[in-house]
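Asker: Here are the chains, one letter per residue:
Protein chains: 2
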Amino acid sequence: MMSAYDELMAFQRETEALAQIAGRLGWDQETMMPRGAAEQRGEEMAAIEGVLHARRTDPRLADWLEEAEPEDDEAQAQLRLIRRSYDRATKIPAELAQALARVTSTAQGIWAEARAAENVADFLPTLAEVIDLKREEAAALAQGGDLYDALMDDYEPGATAEIAAAMFDRMRPRLVRLREAVLAAPAPAPLNHHFGENAQLRFARDLAARFGYDFTRGRLDLAVHPFSSGSANDVRITTRVVETDPFNCFYSTIHEVGHACYELGIDPDYLFTPLGAGVSMGVHESQSRIYENQLGRSPAFTGWMFRQMLDRFGDFGVTSPEDFARIVNRVQPGFIRTEADEVHYNLHVMMRFDLERALIRGDLQVGDLEAAWNDRFLADFGVAVDRPANGMLQDVHWSCGLFGYFPTYTMGNVYAGCLHQALRAAVPDLDAQLAQGELGAATGWLRENVQRHGGLYTPGAVIAKACGFEPTEAPLLDYLDAKFGALYGL
Amino acid sequence: MMSAYDELMAFQRETEALAQIAGRLGWDQETMMPRGAAEQRGEEMAAIEGVLHARRTDPRLADWLEEAEPEDDEAQAQLRLIRRSYDRATKIPAELAQALARVTSTAQGIWAEARAAENVADFLPTLAEVIDLKREEAAALAQGGDLYDALMDDYEPGATAEIAAAMFDRMRPRLVRLREAVLAAPAPAPLNHHFGENAQLRFARDLAARFGYDFTRGRLDLAVHPFSSGSANDVRITTRVVETDPFNCFYSTIHEVGHACYELGIDPDYLFTPLGAGVSMGVHESQSRIYENQLGRSPAFTGWMFRQMLDRFGDFGVTSPEDFARIVNRVQPGFIRTEADEVHYNLHVMMRFDLERALIRGDLQVGDLEAAWNDRFLADFGVAVDRPANGMLQDVHWSCGLFGYFPTYTMGNVYAGCLHQALRAAVPDLDAQLAQGELGAATGWLRENVQRHGGLYTPGAVIAKACGFEPTEAPLLDYLDAKFGALYGL
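Sequences listed follow chains G and D, in order. The first sequence begins at 1 in our numbering and counts up one residue at a time. The second sequence begins at 1001 in our numbering and counts up one residue at a time.
Keep in mind the hints are simulated off the structure, nothing from the lab. We put the beta carbon where it would ideally sit given N, CA and C, even for glycine. One or more hints might be untrue.
[As the list claims (entries may be wrong)] The calculated label-pair distances, taken between Cβ atoms and stated as ranges, are:
(1) G:K91 - D:A1128: 30 to 38 Å
(2) D:A1112 - G:A4: 35 to 43 Å
(3) D:A1128 - G:A99: 52 to 60 Å
(4) D:E1049 - G:L96: 26 to 34 Å
(5) G:A94 - D:V1396: 41 to 49 Å
(6) G:R84 - D:F1011: 25 to 33 Å
(7) D:G1144 - G:R84: 48 to 56 Å
(8) D:E1049 - G:A166: 31 to 39 Å
(9) G:H53 - D:A1112: 51 to 59 Å
(10) G:T106 - D:E1007: 23 to 31 Å
(11) G:R83 - D:A1112: 27 to 35 Å
(12) G:T244 - D:A1441: 42 to 50 Å
(13) D:D1132 - G:A54: 30 to 38 Å
(14) G:A54 - D:A1046: 13 to 21 Å
[What the hints assert, rightly or not] Under 7 Å between C-beta atoms, here's a sample of chain D residues computed to sit facing chain G:
(15) E1014
(16) I1021
(17) E1030
(18) P1034
(19) G1036
(20) E1180
(21) R1217
(22) R1219
(23) A1232
(24) T1319
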């Protein structure tokens, strides 16, 4: 006779295996699927999502959760995560979940067309519908609490908008000050060279392996938007190639390797359990960002990379490792968040956060969103938005209903700043290693202190445990000041 | 209020969508999956097969089938196929289904290792276990009837071993006579040239398109064993490349295009219904074989192909279209079924059929199988088997539990012979078209008369309807005598 806990975990294991399948279909859709299959795939995805929803709200879960007696901390953590998922899933009425799935699925197409046509008006009715449904969902989840917090909790368990807002308010003045100082300094000349696709992809593969990506448990393909997908022993990544800008490919790859190594690095005992996946979007982003920025864009590592690129691409018009480091770390006030440098990136996120929080709280109406976006962008970045694709139509998130997701990007950067400080203390000769293109000590430390735990600890706890101190924004800001101060001779 | 029929079809639609997902995972496993993911994938496949089994034996199906009132012939056919699937699924005890899934999954690995080691003894205990379980399954399905028929019915509904055996007995003497006559004639010199992988794949893609494969609803990748996978608007094929033997790649591709075009050609209204897939393995094979052989290996078409290959590969040592046709249609008594020419192919199948029928009936013990195989091979092919990988370890089928599948290969060839006769009558200038590399009239006729019907008619009925006569082996045998007689000047 199986215990309630064992029965629960056996059931959960199948659910997690089915969820992996759904993820694999998502990967296929972005990389391999023939375009004529799109409609059929929509129905296939709906079928498996229906199976998953039924399992996640299966009434037997309530009984098992009631009766299960955890024997250790891990079992306790498994139950906590299953209960959390069950509570969230059962609070949302089935009709609402279906309406959201339907609307967000068509909304993405409408958003893409509106963006291509630079036509905000075409997108607004759909966006209004998405927001109404998300508010309804938030109300069901919040049960009297803050609507935005209820949504944010899905991506960053335990986080609240109030705490995030306070932190962002402390960060903004220092970021603005740094931005102004850097922009006042002479800018490096941009690259002016053609970097062949195959050579870029070869180097991207080598970089991925060097950062610890295990190609026997993953693969690298091309996709329009880089992403990482899957857990445990099948974690696939994608990248893209712009022949005039090789850093797009290289740093997208390293970023996704960070995400992938988190999943690949989780304790194998957690396979197909709630502990067997990254604990939150913020912690996930901390891994992708520390791989990409604190490690990959460090002047020590770019020195190695400069020599590699000379070997692989010949003379490409950059003559010193110092100039190369400045080009890799170019600071400029662009419109697009995903292309932003380390100094500007979090300013983009903070703006999204304030706008979407106001939308969900009902303080901002969808018809006023474009003006609010453009006013705020001018104030924060000193540049007027020239067209909607560079403004409020640039991100897919809202069309997918991803309200509450944006702040986790900056929380991830803050976590990365903390981990970087602790890593430097743990690996005193890190720069000497990076200068040789050696990442093993750094990625090993991250695997041991963050990645292997999967969902065992809460997001804040896993970072605090790894660092030996409670996470704050100070290490990130200190790091940015020091790095860009040195690069730009401030 | 939905009718019972509509409820049933809505339920079935989701089941079919989930089955497509399982098929897509199978494709991924053979083409894209990183090797480290194999174990995890096994568990994912088990999870989705569990979901499918639960749906296929869902007790509500019995109620809906009882109450549903079909309004037309199509609805009638849908109900017939759902009832058939439900009856089969519910007759097999869940423990037996699980035992079979478990044993056949490990048996494939054991078979592959035994084949690599040329060690029959290592495979026999597992094979015995598979046969015991298949006999148990057959008994559950047959309910007093013939065990082998019960298994065969899964692949070729309505077929019986007795009818197949009688037909094979009529075919054998003529095939043996033809074989002896051809082998007595001078054989063409084999190719002796190197054909680059990329150029082979480019031509394979062009051939696929020429035979009507729609790349917007499919894709062509490399795999160890060529296969076709999927239905409706996502039907993917694979091929392989041997640099000394380009016909391996080209004719594998055309063969799989035949399978794929069947699925792609089915009436789109049947999407995600039982009618939306090929009706049987035999009819499926009729499409792959007529594309590959009666069309692709016809001297008219190889004349076009010869010119193409000269353009693409330069001089490769063949000087006339007549020699080229003889090389494409080389007849030789090889050990391996999948590499056999049109004259020998069905002799391989007949041997497998007799052996596996005896195994399932209990007339042949697994310990005597190798001797029985080798004796029979010597008698039928005039050559002694030199090693197990060229003998009873060559095919994966038995390790997968695919007993009853082999005869459908020859039934498919027989159907292809009938369809070819009818096609020649319908398209009198077929050879003139083939000589120009034009396949549109031929593949259009097949789509219109066979492919679009999907599962609407029984296998025999769809062929009879297309041909205007009941299928028999005579057209195939006449075609082989005429074709090889002309090629070899008999």
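Asker: Confirm or reject the claim that K91 of chain G and A1128 of chain D have a C-beta distance inside 30 to 38 Å.
Answerer: violated, 54 Å
Asker: Does E1180 of chain D pass the interface check with chain G, least Cβ-Cβ distance below 7 Å?
Answerer: violated, 47 Å
Asker: If you check the beta carbons of A94 of chain G and V1396 of chain D, does the distance land in 41 to 49 Å?
Answerer: With a Cβ separation near 44 Å, A94 of chain G and V1396 of chain D satisfy 41 to 49 Å, so the hint holds.
Asker: Quick one, is the G1036 of chain D hint okay against chain G at 7 Å, beta carbons?
Answerer: Hint holds; G1036 of chain D Cβ to chain G Cβ min 4 Å, cut 7 Å.
Asker: Restraint: P1034 of chain D near chain G, CB-CB cut 7 Å. Satisfied or not?
Answerer: holds, 5 Å
Asker: Note whether the CB distance of A54 of chain G and A1046 of chain D lies within 13 to 21 Å or breaks it.
Answerer: Holds: the Cβ-Cβ distance is about 18 Å, inside 13 to 21 Å.
Asker: Looking only at beta-carbon atoms, does the pair T244 of chain G, A1441 of chain D fall within the given range of 42 to 50 Å?
Answerer: holds, 49 Å
Asker: So, as I understand it, the hint says E1030 of chain D touches chain G; can you test that by seeing if any CB pair is closer than 7 Å?
Answerer: Hint violated; E1030 of chain D Cβ to chain G Cβ min 13 Å, cut 7 Å.
Asker: Could you see if the CB distance from R83 of chain G to A1112 of chain D stays within 27 to 35 Å?
Answerer: For R83 of chain G and A1112 of chain D the Cβ distance comes to about 44 Å; the hint is violated.
Asker: With a cut-off of 7 Å on the beta carbons, see whether I1021 of chain D makes it to chain G.
Answerer: holds, 5 Å
Asker: Tell me if the beta carbons of R84 of chain G and F1011 of chain D are separated by a distance inside 25 to 33 Å.
Answerer: holds, 31 Å
Asker: Given a hint of 35 to 43 Å, does the C-beta separation of A1112 of chain D and A4 of chain G actually sit inside it?
Answerer: Check passed, 41 Å falls within 35 to 43 Å.
Hint compliance for this structure: hints 1, 8, 9, 11, 17, 20, 24 are not met, and every other hint is.
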